[in-house]
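Novice: Sequence:
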Amino acid sequence: MFRLPAEVAEIAFHNKALVYDLLFKAASDTMPIAADRSILARASASPPSCIPGARR
Numbered sequence: 033m034f035r036l037p038a039e040v041a042e043i044a045f046h047n048k049a050l051v052y053d054l055l056f057k058a059a060s061d062t063m064p065i066a067a068d069r070s071i072l073a074r075a076s077a078s079p080p081s082c083i084p085g086a087r088r
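Numbering (this note's numbering), first residue to last: 33 to 88.
Mixed in with the good hints, there may be bad ones.
In silico lysine to any residue, SDA-like type, Cα no more than 20 Å apart, as pairs [stated by the list, open to error]:
(1) K57 to R35
(2) K48 to F34
(3) K57 to F34
(4) K57 to F45
Treat the hints as calculated values from the structure; they're not laboratory data.
These figures come from a predicted structure and were not determined experimentally.
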């Protein structure tokens, strides 16, 4: 989910594909690990250890 200032939200409403493409591109450029699906697959295969009662 992206929170946008009202001025940008109005532009996004009329240019959804362009604005959301830019937002997702910017987000993926700041998180290079998200581009490697094998890392994400391994991470989602086991429950996070910070959740009480989660078992590995």
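Novice: Are the hints correct? Go through all of them and say.
Specialist: So, going through the hints one by one against the coordinates:
Between K57 and R35 the CA atoms are separated by roughly 16 Å; this keeps the pair inside 20 Å, and the hint holds. A distance of roughly 12 Å separates the Cα atoms of K48 and F34; the hinted pair therefore holds under the 20 Å criterion. Between K57 and F34, the direct Cα distance comes to roughly 13 Å. Compliance with the 20 Å bound is thereby established for this hinted pair. In summary, the hint linking K57 to F45 is supported, as the alpha carbons are separated by about 18 Å, within the 20 Å threshold.
Hint compliance for this structure: no hint is broken.
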